[in-house]
Each structure stands twice: as structure tokens, then as C-alpha cells.
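Student: Below are the chains, spelled out letter by letter.
Protein chains: 10
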Amino acid sequence: MKDLAMTEMMTKEDVTAMILSAKKQAGMTWEEIAAKIDMSPVWTHSAAMGMNAFPAEKAKLMVSVMGLPQEAESVLAESPTKIWEQAVPTDPCIYRFYEIVGVYGPTLKALIQEKFGDGIMSAIDFDMSVTRIENPKGDRVKVEMSGKYLGYNSW
Amino acid sequence: MKDLAMTEMMTKEDVTAMILSAKKQAGMTWEEIAAKIDMSPVWTHSAAMGMNAFPAEKAKLMVSVMGLPQEAESVLAESPTKIWEQAVPTDPCIYRFYEIVGVYGPTLKALIQEKFGDGIMSAIDFDMSVTRIENPKGDRVKVEMSGKYLGYNSW
Amino acid sequence: MKDLAMTEMMTKEDVTAMILSAKKQAGMTWEEIAAKIDMSPVWTHSAAMGMNAFPAEKAKLMVSVMGLPQEAESVLAESPTKIWEQAVPTDPCIYRFYEIVGVYGPTLKALIQEKFGDGIMSAIDFDMSVTRIENPKGDRVKVEMSGKYLGYNSW
Amino acid sequence: MKDLAMTEMMTKEDVTAMILSAKKQAGMTWEEIAAKIDMSPVWTHSAAMGMNAFPAEKAKLMVSVMGLPQEAESVLAESPTKIWEQAVPTDPCIYRFYEIVGVYGPTLKALIQEKFGDGIMSAIDFDMSVTRIENPKGDRVKVEMSGKYLGYNSW
Amino acid sequence: MKDLAMTEMMTKEDVTAMILSAKKQAGMTWEEIAAKIDMSPVWTHSAAMGMNAFPAEKAKLMVSVMGLPQEAESVLAESPTKIWEQAVPTDPCIYRFYEIVGVYGPTLKALIQEKFGDGIMSAIDFDMSVTRIENPKGDRVKVEMSGKYLGYNSW
Amino acid sequence: MKDLAMTEMMTKEDVTAMILSAKKQAGMTWEEIAAKIDMSPVWTHSAAMGMNAFPAEKAKLMVSVMGLPQEAESVLAESPTKIWEQAVPTDPCIYRFYEIVGVYGPTLKALIQEKFGDGIMSAIDFDMSVTRIENPKGDRVKVEMSGKYLGYNSW
Amino acid sequence: MKDLAMTEMMTKEDVTAMILSAKKQAGMTWEEIAAKIDMSPVWTHSAAMGMNAFPAEKAKLMVSVMGLPQEAESVLAESPTKIWEQAVPTDPCIYRFYEIVGVYGPTLKALIQEKFGDGIMSAIDFDMSVTRIENPKGDRVKVEMSGKYLGYNSW
Amino acid sequence: MKDLAMTEMMTKEDVTAMILSAKKQAGMTWEEIAAKIDMSPVWTHSAAMGMNAFPAEKAKLMVSVMGLPQEAESVLAESPTKIWEQAVPTDPCIYRFYEIVGVYGPTLKALIQEKFGDGIMSAIDFDMSVTRIENPKGDRVKVEMSGKYLGYNSW
Amino acid sequence: MKDLAMTEMMTKEDVTAMILSAKKQAGMTWEEIAAKIDMSPVWTHSAAMGMNAFPAEKAKLMVSVMGLPQEAESVLAESPTKIWEQAVPTDPCIYRFYEIVGVYGPTLKALIQEKFGDGIMSAIDFDMSVTRIENPKGDRVKVEMSGKYLGYNSW
Amino acid sequence: MKDLAMTEMMTKEDVTAMILSAKKQAGMTWEEIAAKIDMSPVWTHSAAMGMNAFPAEKAKLMVSVMGLPQEAESVLAESPTKIWEQAVPTDPCIYRFYEIVGVYGPTLKALIQEKFGDGIMSAIDFDMSVTRIENPKGDRVKVEMSGKYLGYNSW
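Chains as they are written, first to last, in the UniProt record's numbering: chain A, 1 to 155; chain B, 1 to 155; chain C, 1 to 155; chain D, 1 to 155; chain E, 1 to 155; chain F, 1 to 155; chain G, 1 to 155; chain H, 1 to 155; chain I, 1 to 155; chain J, 1 to 155.
So here's chain A without its partners, still in its complex pose (with noise of 0.2 Å):
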């Protein structure tokens, strides 16, 4: 079979390299991409990484914006399956997020509940951003998220 003059399909992985190395040679930052993009640079990164799917025009956009081969436009819209192989993260700067969700995991259900009712706040209709705070004693890091609530069903 490896000897099949067949043209192996480019994946997400092989697209992820190519934008990475372009935006080295560029010496672009992800919020300039996006700029370029027009969206978000969470959403851009994220997608960028192969963790989310770019709507049609994103992807010719952002084809033409890093010079990527024609190929990669459709491979840019697919929909990603989306894996991570560490339950537990061990680079410190995910873990102290990992490390958020276990500490004041009880507490955002328990306020959830309190301000709207019994369910969750969506992870698919949701949206986030990092932002720098300037601060004398320290800047500080912001990151705000916000999702659908969602109120579980009674049938």
C-alpha cells in the first residue's frame, strides 16, 4: 500500500505547520492575524491549531493571508475532532487553568444555579478573550469567557 503512487490528503497537523511557520517568516503576532481575519485572536489561534472549523470565507481569507497552498482551504473548514492527551495538563501555564476548574469548579455550579437555575453554561456557544491588565503592582492577566446558559430539560 505505501508503495501506491496515491496522493496522501493534507490534514489539519500538516495546515497548522504551514500557518505556523508563515506567520515565523511573517514575524506576524496571532492578533495581527486575526486582525487580518477580522476575528477574534482566541478563536483565531484556536482554529489555527486545528481545534475549530473556519467558515468558508474565513478560510479563503486566511489562506490568502498566510500564503498558504490552495489545498489547504477546504482542509481549513473542516470540522475538527478535537483531542487532548493529557487528562491532566503538565506545562504550568494550562495547569494553573486546569488547577482553576478543580479548585472553584463547585463554586461555578453553585453561583450558576443561583443566578439562573439548574444547568450549565454552554462550551460550544461560548466565546473567550485574554486581555493585559496594566497594574503598579504587577500587570495582571484577564480572561473573560462567556457561554449560553443552558437550563437541563424536564420531559
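These aren't lab readings, by the way, just hints derived from the structure by calculation.
What you are looking at is a predicted structure, and each value in this text was computed from that prediction instead of being measured.
Take these hints with a grain of salt, some might be off.
Selected chain J positions facing chain G (Cβ under 8 Å, derived; list incomplete) [what the hints assert, rightly or not]:
{"#": "1", "residue": "T90"}
{"#": "2", "residue": "E99"}
{"#": "3", "residue": "G102"}
Heads up, the beta-carbon is just placed ideally off N, CA and C, and yes, glycines get one too.
Dock chains B, C, D, E, F, G, H, I and J against chain A, hints included.
Tutor: Showing chains B, C, D, E, F, G, H, I and J alone in chain A's frame:
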């Protein structure tokens, strides 16, 4: 040993149970309790659950607001050992936040590095809020986190 | 602490035990209980097990139908924390459903995307039924699930 | 060994890759492919992914419909070893089904026992469909499973 | 709640303990108990351990043979939830069977497919026996399992 | 190192691949191969998969029966390291045997002790067969295992 | 059930606790206890911990040596279910042996095969001793294990 | 990078493969190799597998005895990172040693404490041998371990 | 058994609870307790938690300093079995040390080998201290560990 | 895709391999390399392994000191994602540090709280050294860690 006439020490679990019972009887919300001790609802719930320590004057206030026995004051002020049993939480409301860390963890890391340099958002010098945002397509849960940026040391 | 003359709060586990006991003594089926509170058998069993919250009027009805103590009413209405101990269930009847998710999970995902776009079936705005289908080669279990389609947000 | 002039055998993974490539080039949906081989979309996708074996005549048809090399026919007909890597799936679309098994597994078991006796729903003599149900509040995903009831043997 | 004058329900664990106690006092073997209720020793032990449900008439017989309280009859007849705590058993006698599945699992699968087609041996419509085979080089344990062949459905 | 002109050693995986390829081309069953080397099908498949070592004369025979390169003879005779990747197997056909060990493991242990004393069934001095039993209600898979009884030593 | 006037059966855990208590009060060492029942210290400790069964006459002797209640005799003679909770032990003294198996396991296997053929050292027909070896550079712990060689069966 | 004309460094895995290949071609046993470098068979095998470092003069000798390339000498002398993949080994020959640690670990600990005090047997200042003991009832594997006693420090 | 008029033995957990209670009532710090028994604070806390054994004279002193019952003396002197439940600790203060081992473990190993040769730092012949270092940019925690170098044995 | 004439990006793994190769050829120690770039040996090794990012001027220096290709400079300066594969390390030298965290973790926490209040030692604003301490009873490894104290925020 079990027969020794010794006073068993009150634990954080005991005090949490007393708070939940008093809260139910008084019909108070976390927001109301938080207001009475002049702290945020997120922190108040978390500390009441035994996941944070009450500063001395807040412990005193909490005992009086909730009608707890005097012995509870020092227990509220103790440093907790933060333990969660489930590496991957099963409750849907908490799992969604875990999922966000899985899907967007590398994105949070990339944007923090882009905006600050090589480092992390502290989960210790940290605060958080939960708000209800009205929205004609369905109200939204807004979660805002802010933590001090900590840059890696080189030495 | 254990010696304090404090009324321990009734828990969802307590109420589940009372329901199971009352059900056995009354010789009722889940279908009959569900009919009496005018809800579906799947939802009724699940809520009786403490995995869903009873809306206020259903909690009231349940207390009267099963002859539960008054205090149970507010407990039935509380939002549960949904916990399952076994990441991979061992009971053969439950394992078969786990196996179906393992074998057909990627298929469910592919067909949802083909029919709707990039998104998921909600497990919150969700309902389910179980039916017996007569069949000369052996009767069949029919399980029908329906959940609202939620499309991923791009922002 | 790696230098032996031996023909490596075509694997199910190879054939899956060929099917995905052909499907993309032809712009066909799973529903269309399924219709051409006169099987259901769920089964067709699952078998194309290498999670089910094609009956002889269906393997032949599939090779002709998708323009696969002749050698693929016998590979499609082989019994697969069904392996999934993630005991707890991370992709949100698949996870929601895992969550349903976690939350409603005991309920499915209780109702199967109430309607049939002590036994299970077979995951082998089994079929499933996915349908889009229009709904003014948002279209819904309907999943229907049906498996033969198998009663435990006493001996 | 713990103070409510409520009769706690007898559980399968309670009945198992009563059977083991009665068996020890009566000096009976599993083989003798099985003979008295006219079932096989494997099934009888398994059901006495709470891993299988007694058919109504066998439950009645068991209560009379072992001198159990009347309430035990309905408990013996309940469908059990089959739970084992150790994914990999540590007891050497049980581990050896786990090891056989690890070493010979793919072989069992290959030969079932060769003899029957694509399918499995049912673990539900299933029976098993254990026999002592005399052998001059050391007696041997013979384990015979038989389960209905179930072929995968294509639909 | 990778550039050294060194002959890489043939591995058991290599020989297994060669056997599977030769078996497919020759259209032989495991039963036929086993008959040609005068061993049982279970042992033959297992050894061909690299999970058992061929005695010298059987290795020679296997090479000739399957038309393997001469170097394969010594590889077939090597002691394998028996490794399985999945502590809990996912393939349904293999899982059912795992489930039987989970459900009936304590029963197997109890009956071996009743018939032999405190000890185990050897998984080393062991043999097994798989047979098809015709049955009007559906043919059955019969698996027979026999292992030497080993009593625990006291010293 | 908990209120039934039933004599709870004495368990191996109960007897272990009684032995440890009697040993402490009598100020005996394991070596002394072993000498009094004419068994080795390793086996005696292991059986006292409930990890091995006492032969009938040794159980009788143990009851008399340690001053245990009569009921303990039959409990000591029961076949234990050997369970250890930690797949990887944390106690440093036990972990070092686990580490030796990790580091030298493949070596033990290779040398057993070189000296005996394809097989294993039995852990059932097995004995072990622990000795103190005086050494000017620091005394040494000597552990000697001996188990019957068991060769794999080919059939 | 992959295209850089850089010499890849020889690894311990490379040297292990060369030793195994040379050993097979020369038809030597581990005992013979060990004799030629004047070390024990256990240590020699372990170091050849890359689990121990060769002292300088032994590395030199090994290169000459096995006919390895010169570069291998320094590789043999490097400190290895000792990694094993399986927390619970599956190979039956290695598993039996794991089982011994599980069953007799607490016994080894208790006897070391009785003979030496609170401490451990070193797995670093450690040696081991494997011997074949002839026995009319079946030859036995004898494993002798000796490690320096290390007492816990109090400070 | 539970009804036997037997004195239950005092455990290390019991004594730890008594120490914590006495410490709270007396308002002593660990530093003060350590000074009174003339040991370091790290060792004193660890031994009080039941993770180290008190030498005889220190056990005597501890009983007198903390006002413990006489029976506690021998319990403090017993060798503990060191168990921790969480392979990956969740408490942030402890996790940070786990993280340091994850990030810098290979570095610690490389530098120990560079300075000493192939070996390890003993965790048994070991001591540790914690100090507060004043610093205008924020005080620092200083942790100093020292353990005997142990070189691997070749034999 | 794999056939695209695209320059693959140099990774941190590539640069680590180049540094190790250059270090070996030059016969330098980590201490010497660290001195040449005027950083500590611990930090230098860690950054060379790809677990820390080089500040711009240090990356430049490293490239010149080790004779790396120019492209390596920017790679050395990139923020790494810190991943370790083994939740519990198996290498004995690294495991001992893991063991120290397991045994003394609660002690480190208790003493930090006693000296500072409720908080942690930062693993980010952190430094560490390894020293050889001569000692007539055997030289000792000294590890010194220092991290900024971070107090929990109440808000």
C-alpha cells in the same frame, strides 16, 4: 482510643455542613451572604466550602452572620488542603470548564506569551466573578478571571 | 462536633432510599410512578436517583405520590451534582451503551456534521425514551434520544 | 527485514484513507454513499472507518462505487478489531454521548429490567440511525438505537 | 434523616453475608447447596454472591435451604448491578484468568471468526462449569464455558 | 547509527506479518495450518501471533508449511515477551471474556478452592480449545481451558 | 437488616488485629512466633496478615500461641483473597522492591530462559527468606526467593 | 532540520540492538558474555539492555568481546535513564515478581524492621543472582538479592 | 467480633489527632514543638503526622511536651507505612513541588551525575529545612535538601 | 503534503540533540557551558533540554558557544510547552525527589503556612542549585530551592 474521653476537633467539613444548613433555614443566597461579609460571591462560596481560608475578621463576621458556634471561627481561618477527587470532573456544569481548558489551554498559553512574555497567569494572586448577561437569544453566563502575570525566572 | 445537638440535613441519597423503599412496598413500577407525576419514565427514574432536579410542582407531587416526609420536597428540587464513579462502567447492561459510544462515537459525530454542520447534540436540552418492540426473532429494546443541535460559535 | 522485497499487506487504515480521499474528490456525502450500496448511513460510515466488516457483496459494491483498487475488496470484508484509544473521549460531540451513558446508564438498566426482566440490550444484534428533526426552537438531533433483548441465562 | 424511624431495606450484601454464615454453620459446600436448589455450582455461587438474580422459585428454595429470613426472598430475585473494583485483579487465582484473556484474547477472537464469522460469544446467554480432572502429573482444573454465538448485524 | 550498514534483525512482528500474508495468499485457515504442523489451532494461532515460542521442530515445520525465509526459524523459536496494551480490552469479542473474569472470577476461585484446596489453575501448564456446538436456538461457542492445579506452598 | 440479632462473622482483618495486639502485649518478634509454630518468619508474617492460609494444625497452634479466641482457628485456615490497593506502592521500603522488578524484570526473564527454557518461576510453589548479613561497610539485607520452574505448555 | 548533514548520535538502544545481533551470530549465552568481561550475568544483561552504565574498563572490554564499533564504548559508559513503560508488567515471567512484591511487600518491610530497625534495603548498592537448583519434584529458580540496609535519618 | 470486649490498639492516626488538638489548645507552633524535643521543624512535623518514627527518647519527650497518654509513646516509636493517596497532588502548595520534579527532574539527575557519577541522592539518609528569606521584592521560601550520594553498584 | 517542497521548521528537540552532540564532541560539562553563558548550571541544563526559554542575548551566546546553526537562536528563545510523560517517574534518581514530595509535601505546606501565612512557594519565580558537600561518612548531594512566597488573594 475511640473510647478516650477526648473532644474531637471541629473540621472544615463540619463547618461547611453547618453553613449549608443555616443558609437553607435562613433562605439566603450566596450573593446575600457575600454582601453581609463584604466579600465577593465567588470567594465567599469557595471559602465556605473549605477551599479558601477566611481572614480573621471575616471569620468572625461569618460566624455572626450565619449563627455558627464560636469554635467555628478558628476553623474558618485555617489554611485548607485543597483536594478534588476527580481528575476529570463528571458533573456536566463543571466538565464544560474542564473541556474549555482542554480545547483552549494551548491558546491561552500562546496569547499570554504574546502579550506578556514567557510566563503564566497566577492561580493564587487571583480573583474571579460570575455574572448573568441578558441576551435576547438566551441569557449568557459571563465568567471573568484575573490573575497576576508571573514571568519565568532565569538564573 | 459529632456530639452537637444539630439536625443533620436530609440528602438526595436519603430521599432516593425512601423512594425505593416506598416503591417496593407499594409494588409500583417506574412507569406507574411516572404516570402519576405526569412525566416520562426515563426522567422520573433519573430524578428519583438524584441525577436530575424536580421542578417545584413535581417535587410536591412526588412527595404525595410516594408518601415521603415533607422535608423531602425541597431536597427533590435541589440541583444535583452528577457523579459517576466508574469511568468505564462494569455492569454489562450499562457497558453495552459505553461500547456503542466507543464503536459508533466517530460515526455519530460525522453524521451530525453532515446533517447540521460543525456542532454537537446537547446532553442538557435533551430527552430520551426506552420502548419494548415486539419481534418474532426476539423482542428488541428501542432507545430514542433527542437533543438540541448546538453549532460551534466563531467569534 | 525492512529490506526484504516483500509486498506489505493493505490494511483497513489504508482503505479508510482511500475512501476518505475518494469521497472528498467526488464530493459525496455519507448518505449518498450509503444509498449507493443500499445500506444505512450509520453502518456505512462505521464500516468505512474500519469498525465493521462489509458482507462480501457490499465490499464488492463499495470498491466499485468509490473506485478503490481490487485488493481493497477482501480488506473491507475482514473482521475488524475494534479499538478506541480514549477511555473517556475528549471530542465534545462524542463526549456528550459518553456523558449520557454516565448520567442515564442506571436509568436505562432499570427500565430495561422493568420492561423485559434481568438482561441487556445487545450491542451486536444492533442498529442505529441519526435524523434531523426540524423544530422552531432549534432543530434537534434524533438518535434511535435498537438492539435485541438478551436475558441472562440461569443454569 | 438518620434518626427517622425507618426500616432500612435489606441489601444483596446483607443476604450474601447471611448465606456465607449459614453455609459455614451448616458445613455445606457450594456443590451441595447447588444440588439442593437444582442449579449448577458456578451459577449458584455467583448468584449467592449477588452477581446474578435468582428466578422466583429458586429464590424461594434458597431461603428455605439456607434458613434465611423471609425478606431475603425478594432480595435474591432482584437484578443485581454487577460491579468489580479492580480493573486488573490482584488475587493470583483470578489474575491467571485475566492473564489468559490478555495472552489468548486475540486468538479466541480469530478462531471464533474462523468458525462462525464476524461476531462474538455471548457473556449473557452463557454457562460455565469447573471440574477436577485427575492426572498422574498433577490434577488439572477444567473450565468449560459456552455462550451463544452472536453475529454482528449489518443494516 | 541509522546510516550504519548493519543488518537489522528479523523480529517476531516481522514473522507474524509474513505468516498473515502467506496465509491470505494460500487461503488457508488456522485449523489447516495447525493440522499441518500437528498442533492445536489455539496454540498455533497464538504462537504465530508471537505470543508463544515454537519448539525447534515445529519452527522448522512452520517455515516450510508457510514458505517463510530461513531466518524466520530461529525467530519463531525465541521466547516472546508477552505484552498487551489495553488493561481493559475494547474489542467486543475479547471484552466479553474480560467481563466473564470480572463477573465470575470470585466464583472460579471459590470452586477451585472447594475442589482442590488453596491454590490456582496454572496459566503456564495450560491448554485451551474453541469448538462450535450446533444448537437449534443458535449455535454456541464452547471454550475449554485446562490448567494444572498449583497449591500454595507453606514453609 | 442492621438491626437483626445476627452474629457477625469474624474476618481475617479481625484476626490480624488480634494477633498484632497480642504480639505487642507479649513483646514477641515475628521470628519468635514463627519458631513457636515451626514455620518460617516470612510465611508466618504473611499468613498472620491474612495473605496466606494456615494449614489446619498450624491454625490450631497459632490460636494457642497467641491466645486467640477459638473462632479464630477456622478463620486462619480460610483461603484469603489477596488484594493490594496500590498498583505502585508508595512506602519506600516496598517501593524499592517494585523498582527492582521494573529495572531487572527483563533480566530475570532472560536468565530464566537461558537456564531453563521458555517459562517462569512460580509465585505459588514458592518460598522466601530475609537475612541480615554483617558487613563492615554497612550490614546488608539478603532476600532469597525460590520458586518452581514452570515451562510453557505447547499443545 | 531533518535535511541537515548532521551525524546522529548513537544511542543506548542502538548499542543494545548491536549486542543482541552479535550475541545471536556468535551463539553466546549471557553467562559466557558475563564471564568474558568478568562480571555477573545479571548485571551484564541489565547493562547490555541499557539499564546500567558500564564502568570505563568494562565498556572497553565489552566492545572488544562483542565486536562493536568504537563509538559504542562511550555510549555503554553513559548513565542511563531507567524507564519502564508498564506500571503493572504483563509478561507472565515478570508479572510473577510483581505479584510477589504485592503479596509479600508488607512482610519484607516488617522483617527488615524487625532485624535492622526503621529503614529499607537499598536498590542502588545492590546485587542479584539467578541460579538453577536441581530438585526431584521439578527444578527451582533461585533468586538472591542483597542490598545495603539504609536507616532513616532523624534530624 | 465487633462485640468482643477487646481493647482496640491506638494507631498513628489517633496520636496525630491528639497532637494536633494539643497543639491548637496550647497555641504552639511546629518550630516551638521542635525546639522542645530538640529536633528540626521539618522532621518533627513529619513524624507527628505519622510519616517518620520517633527514636525512643524523642517519643518519651514528645509525650511529655504535648501531654499525650502514656500508650502514645510506643505508637510514636513504631515504623510507619508511608502512604500517599494522590499520585499527582492537587493542593497548590504541594503541587508546585511536584511540578518542580517534573520540570527539573532530568536536570537534577544530569547534574548529580556530572558531580558524582552514576547514582542518586538518598531519600532515606536525608534531611531538609524550610526558611523564610527576606527580600524587598517579596520574601522567598528557601528549601534545602541534603541526602547522601549513593553510587550504583556493578557486580 | 509530505511531498511538498517545504522547509520543515527546526524544533526544540532538534536543538537539544545538537547541543548534546556538540557537548559530547567538545568534552564540556554543564558547569562549563553554564559558565560560558554566565548562567547557573541548573537553569542552563534545563533550558538546553527545552524546558526553559533562553533570553535573547543568552540564546545568541549559546549558539556561538556550542557552534549551533544560526536558525537555532530563535528556537532557543521560544517559550517551551513543558511536558513530562510519566506522572510517576521511574528513573530511581528522579523518583527519589518524587518520593520526597510524597512523604514531605504536607510538611512543606505546614511550615510555609507557619512562616508566611496561607500561600505557596512559586515554581515560576524560582531558582535552584545542586552542590556536592564533602562528608567523611560519604559525600552528600545538596539541593537548594528558592521561590517567591505567594499569598492567596481574598476578594
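Student: Each hint needs a verdict: does it hold in this structure or not?
Tutor: We went through each hint and held it up to the structure:
1. T90: holds (6 Å)
2. E99: Constraint on J:E99 satisfied, holds at 6 Å.
3. G102: holds (6 Å)
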